Every structure is written in structure tokens, then in C-alpha cells.
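For reference, the chains in residue letters:
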Amino acid sequence: MSVQALTYIFVGITFALYITIAIRSRAGSTSEFYIAGKGVNPIANGMATAADWMSAASFISMAGLISFLGRDGSVYLMGWTGGYVLLALLLAPYLRKFGQFTVPDFIGTRYYSSLARLVAVICLIIVSFTYVAGQMRGVGIVFSRFLEVDINTGVIIGMGIVFFYAVLGGMKGITYTQVAQYCVLIFAYLVPAVFISILITGNPIPQLGFGDQLVDEPTYLLNKLDGVMTDLGFNAYTSGFKETIDVFCITAALMLGTAGLPHVIVRFFTVPDVAAARKSAGYALIFIAILYTTAPAVASFARINLFESTHNVSYTAAPEWFKNWEGIGLIAWQDKNQDGKIQHAPGNAFEPVKPIFTGKFGDQGERAIDNKNNSESNNEVYIDRDIIVLANPEIANLPPWVIALVAAGALAAALSTAAGLLLVISSAVSHDLIKKTFATNISEKQELAYARISVFVAVVIAGLFGIYPPAFVAQVVAFAFGLAAATLFPAILMGIFSKSMNKEGAITGMLVGLIFTFSYILFFKFINPELNSKDYWLWGISPEGIGFIGMILNLFSATLVASLTAKTPADVKEMVDNIRQP
Amino acid sequence: MEKSFTNKNDYWVANLKLVASLLLIWFFVSFGCGILFADYLDQFTFFGFKLGFWFAQQGSIYVFVILIFIYINRMKKLDQKFKNLSGKGN
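Chains as they are written, first to last, in my numbering: chain A, 1 to 582; chain B, 1 to 90.
Think of the hints as simulated: they come from the structure by calculation, not from any bench. Warning: the hint list may mix true and false statements.
Claimed, not checked - Using 25 Å as the maximum straight-line C-alpha spacing, the simulated DSS-like pairs for lysine-lysine come out as follows:
#	chain 1	residue 1	chain 2	residue 2
1	A	LYS97	B	LYS77
2	B	LYS83	A	LYS38
3	A	LYS573	A	LYS97
4	B	LYS76	A	LYS97
5	B	LYS76	A	LYS38
6	A	LYS97	A	LYS567
7	A	LYS341	A	LYS372
8	A	LYS573	B	LYS17
9	A	LYS573	B	LYS81
10	B	LYS8	A	LYS97
11	A	LYS97	B	LYS17
12	B	LYS8	A	LYS573
What the hints assert, rightly or not - Residues from chain A that face chain B, not an exhaustive set, calculated with beta carbons under 10 Å:
#	residue
13	GLY73
14	THR81
15	PRO93
16	GLN207
17	GLY211
18	GLN213
19	THR238
20	SER239
21	ALA275
22	ARG278
23	ALA281
24	ILE288
25	TYR292
26	ALA299
27	ARG580
To be verified - Stretch-level coverage of chain B by chain A, calculated; a stretch enters the list once three of its residues show a Cβ under 8 Å from a Cβ in chain A:
#	region
28	7–19
29	29–39
30	57–64
31	71–77
Only a predicted model underlies this, so the values are computations on that prediction, with no experimental measurement involved. Backbone N, C-alpha and C fix where the C-beta goes; we use that ideal spot for every residue, glycine too.
Please take these sequences and the hints and turn them into a complete structure.
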């Protein structure tokens, strides 16, 4: 059977599974809709959290990024897992004890202020919509490459599925579909990784395989990769080249941001008690670590395969996957030295970086491009980093069913995260804005109706992001983590650990963190992108890492203002005492 | 473990001590071994990996998982002692 037919079957089966689960877990109350009635088993919640967390970025993009960054790519591995230690030790148990529905709920109640709640809602919406846009791009890529349908049709199908189970089942429906999606995505990630590990090193465990010797010569894989890369003029794969301070700050911002992401935090509201919240954080990290320790192995296998299968190979003899991905514009080649062969080298192949296809074909049959040659580099190939995981099974010549499986897994990763995000956006609107701020007298039934309408609106907006992808999607990922790190994380942390933190302090802190981080990223990513290099950055810290400094400024200004203004009321101190007890 | 709690504050202090020591290890393996001392550690080899590279791409993640499970177990014991305290009506 063809790859396409198999993909239709796999994707069809998994979608049918998600819909069945949704129909069986309809939500009847706001508690079920927002937090699954607090009845989720900690291990199931661990899986749901893992699927909620591991997005199209983790599944599709991360190994590709690491593949091109080498050791510097570790910021994503440590940043996106280390945050769970903070979440488990500093936030999850206490927020569960607090026992309300949303993150702005905690901030609004702890800081006895609807302004604080409103600031938290704004941060939450910016962070979550940024993130949703990325998921939709992932869904679009998978549909257009593997099912060969129009990207728009793909996005609409994906949105339809999410809409169905989020509106019907709320958090309850989302939780159990996420459990299923975790199983699909982790299986789809591991199968090709194990196959490729065996092919390259003979070791069936990828985590050990990429430290092992090659099958066809007695050399360690990483040494071989370092050698191949330095021969071609690249930096060695296993050495770091970013400034240490920048690596430090990016890792910190990703960790703190992870711990402050509302769609992850809210998962810990769904378990029965404090002990279950701790436990499910532990299980969540195990389930996440399975993928996150496999990703760097996949990254190094893919890099070495890429060189071996295409470097100095004639374009006419290039493998089929190379032309398939060129066909949808994620690979482009320009024969700079006119030898008819593909050559990899450091630097961007042309200017601008992304190919602009002319619609005509070159001498060798390649898709001609309109870009200027980058004369400073001998590199002839543009490769979109997002294709590494998706193309890996084809690059390694794995059977068609593995390729189909990867497509289903990528969709599971993107849809599960999109659903979790859409739910926190809608509960922030229906619960925090409508019920708690603007129309406090509505009944539970009306609130539930508003919640469903908000999901609908959020799904439509997210769908529009997918159909008309804002060009800045990749640019704004820094926003999501930086802002969560600089606003929500410190506000929640101080709310639990510092009784003297009052509303004036917390609001000042959130605003300082928000404005500082937002302007820094805006300046370097949008206003003056040509200045976006370490010569102009504050202390050599890139926009990706600036959320860490934003968080420090938040803590500092909040503490200062709190020490100058009225003390925390006694009943709030009592509430803090209460959440500190198991 | 050590002696039982005399008041509710003891539970909170014991909790803070535990969290602080676990976060110290968290910081040491990730920011320490994976970033600040990674170049130094790279001179040692570990199962075919340079050690600093291994901490950055594998080791730190394993340690994170272990830390959370130590936390879960120790907190279970602290919770039990807290329960005994509440049972005595303090």
C-alpha cells in the first residue's frame, strides 16, 4: 500500500478514536468543563499533561533544531524539562490545594484584586494564542505533505476535530483524548528512532545508541559527526558556540516559562488532592522525558544521515524525499558551483534565507528560485528545520507504515496541545472575564454556555491563524515563554511563598515584567531586526533569554513596592497559610 | 525520619528545607554540569559521550525525574507527620 493510503488509514483511525472518547466523556457542569470534576487519576493526568505540553514544536521542530544547533540545542532539552521540577516543587501542590478553576483565579483571589486578575488574563491570552498559532502551522504541514490535501482543508479538518471534543467534553473530554494522543505520539516518535538507531549503531535504545559506535566502522557516532562537520567547515556538533550567558538565560527563561504556562498549570487542578498533584507532575515528567531523551538521538542520527545521503550527490540522483520536500517548498537547492551536485556548507545558501520559487525549473530539473546567492557561503541547500523529524523515516528508508505513523503522531501532538490551549483561553474568558468580572450574577448553566461559545470563538481564531499564518509565527515563540516567565510565574510563586507580597507589589511586578520583556522582544524581532545580534543585546542576552531578566525585574520591583505600601490583609494571609498545608 | 512536629510551622520549614536542597541539585546538574562546567567536563568520556554534552542532552533530564520522585516520597512522610500533629488537636 502507498504511504498516502496508509496515512489516511492511520489518521482516520486515530481521529475516530478521539471522537469516540469525546462522546463518552461529555461535561455536564462548569467543574467538569474547566477541571474535569477534579477526578483524574494522577497517572492518566501525567499522560494528559505530557500530550498537552508536547506540541508540534516538541514533536516536529525540536529534534530538527537540535540537529542544526548541536550542543547549543540543549537549551530546549533542559529548558523544557527542568521547568517541571519547578512546577512540581514550587507551584502544582499549592495551586491544587487552592482548588479553583483557572490561573487568573488564583492571582485575582490571592491578590484580592480584579485588576490583578485582568492583568493575568491578558498575559494568559497573549501567551496561549502565540502558542496556538504554532500548532496550526504543524497541522498544515502534515496535511499538505502526507495527505496531499490543501493546507486550508487540513486546518479546517483539524479545527473541526478539536472543536468537537473541546466544546462537547471541555476539560473532561480533552483529558481523555490527550491520554490517547500521548500513546499515539510517543509510539510514533519511538518507532522510527529505534529503527534508525539499529540501522546506524546496532543499538536498539536510541538514548544509548547515539553514544555508540557505528555499525560499518569502529568509530563513535558523535566523533564521526564532529569530524564530518569540521571537515565541511561547520562547528563541531558536540561543542557549544553560543555565549555562555545567553545559553544560561535562554535555559532559565524556558524553564521558568514552562512552569508558568497556564495550559500546563491548569492540568494540576484536575486531580483529586495535593498528593495526587505532586505524583502526576512526576509521571508527567517521565512521559515527557521518554520523548525528550530520544530527541537528541534522533537529531544526531538525522544530521549524519543528511550528509551521507545528499552531500556531493548529483541532484538528478538525489533521493526521492529530497525532491518531495522540495516540491512543497521546504527544501531548495541552487547549484552555485555548476557541478550538478548538492553541497552542504556553513551559512545560509541565499538571501533572503527562505526560498522564493519562480515557478520555473533549472538545468537539472530543480525548482528555480529568485533569491540572491549568498556569496559568503558555499552552501547550496536550504532545509527547513521542521522537516527533520517528518523526513527522517524516509531519509533512513524505513517502511511506508512508519512514515504514516509519524504523520498520525505529529497530528496527535499538535491537536492535543491546541485543545489544551483553547480550553484555558475560553475558561479565562467565560470564568474570569464574564463570571468574575463583568456579569457576576449569571447562573452556572449560563456560564457553561459562555464557556462553550468562547471555545468556539477561540477555535475559529486559531483556525484563521492556520489558514492565514502570520509570517511572525516562528518569531513569536520567544514571546510565549518570555512573558510566562516574567509575569505569571513570579506572581504565582510570590503568592505562595511570600505572605507580605500585596496587590500593589504583584501588579507592579507583572506590569514591569510584561512591559520590559515585551518591548525588548518587539524591538529586536520586529522594529529593528537588523540589530538582532549579540553586539547590540543587553549583556549579550538574546530576546529568547530576556524573560529571565524580566522575571528578576518583576521580583525586585514587586518586593520594593510591597515594602512601601499597605500590608496584606489578615484573611489573605490566612488563605496562604491554608494552601501551605497538605 | 527525625522527631515529630511540634507545630504546623515545623511542616512548612521542613518543606522549605527539602525544596531548597532539591533545587540546589537541580541547578547543579543543569546550569552547572550542562552549561557552566560543560566544556570542562567534556574532557571525560561517559558511554561514548563527552560528559558535559551528555549532561546537557541526557543526564540533566534523568536527574530531574529522580528529583521529583524523591520530593514525592519525602513529602508523603512529611504529610503523615502533619496528620499525626493535627490528630493530636494542636
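For each hint, the structure was consulted:
1. A:LYS97 <-> B:LYS77: Within the cut-off at roughly 18 Å; holds.
2. B:LYS83 <-> A:LYS38: Holds, at roughly 22 Å.
3. A:LYS573 <-> A:LYS97: This hinted pair holds, its Cα atoms lying about 15 Å apart.
4. B:LYS76 <-> A:LYS97: 15 Å, holds
5. B:LYS76 <-> A:LYS38: Measuring from Cα to Cα gives roughly 20 Å; hence the hint holds.
6. A:LYS97 <-> A:LYS567: Measuring from Cα to Cα gives roughly 24 Å; hence the hint holds.
7. A:LYS341 <-> A:LYS372: 19 Å, holds
8. A:LYS573 <-> B:LYS17: Distance of about 21 Å is within 25 Å: holds.
9. A:LYS573 <-> B:LYS81: Holds: LYS573 of chain A and LYS81 of chain B sit about 24 Å apart, inside 25 Å.
10. B:LYS8 <-> A:LYS97: 16 Å, holds
11. A:LYS97 <-> B:LYS17: 20 Å, holds
12. B:LYS8 <-> A:LYS573: 15 Å, holds
13. GLY73: 8 Å, holds
14. THR81: Given a least distance of 5 Å, the restraint on THR81 of chain A holds.
15. PRO93: With a closest approach of 8 Å, the PRO93 of chain A hint holds.
16. GLN207: 6 Å, holds
17. GLY211: 4 Å, holds
18. GLN213: 7 Å, holds
19. THR238: Since chain B brings a Cβ to about 5 Å from THR238 of chain A, closer than 10 Å, the hint holds.
20. SER239: 7 Å, holds
21. ALA275: Since chain B brings a Cβ to about 7 Å from ALA275 of chain A, closer than 10 Å, the hint holds.
22. ARG278: The hint holds - ARG278 of chain A has a Cβ within 10 Å of chain B, the shortest such distance being about 5 Å.
23. ALA281: 6 Å, holds
24. ILE288: 9 Å, holds
25. TYR292: 6 Å, holds
26. ALA299: Holds, because the Cβ-Cβ distance from ALA299 of chain A to chain B comes to roughly 9 Å (cut-off 10 Å).
27. ARG580: Since chain B brings a Cβ to about 5 Å from ARG580 of chain A, closer than 10 Å, the hint holds.
28. 7–19: holds (count 5)
29. 29–39: Answer holds; 7 residues pass the 8 Å Cβ test.
30. 57–64: Per the Cβ count (6), the hint holds.
31. 71–77: holds (count 4)
Comparing the model with each numbered hint stated earlier shows that all of them hold.
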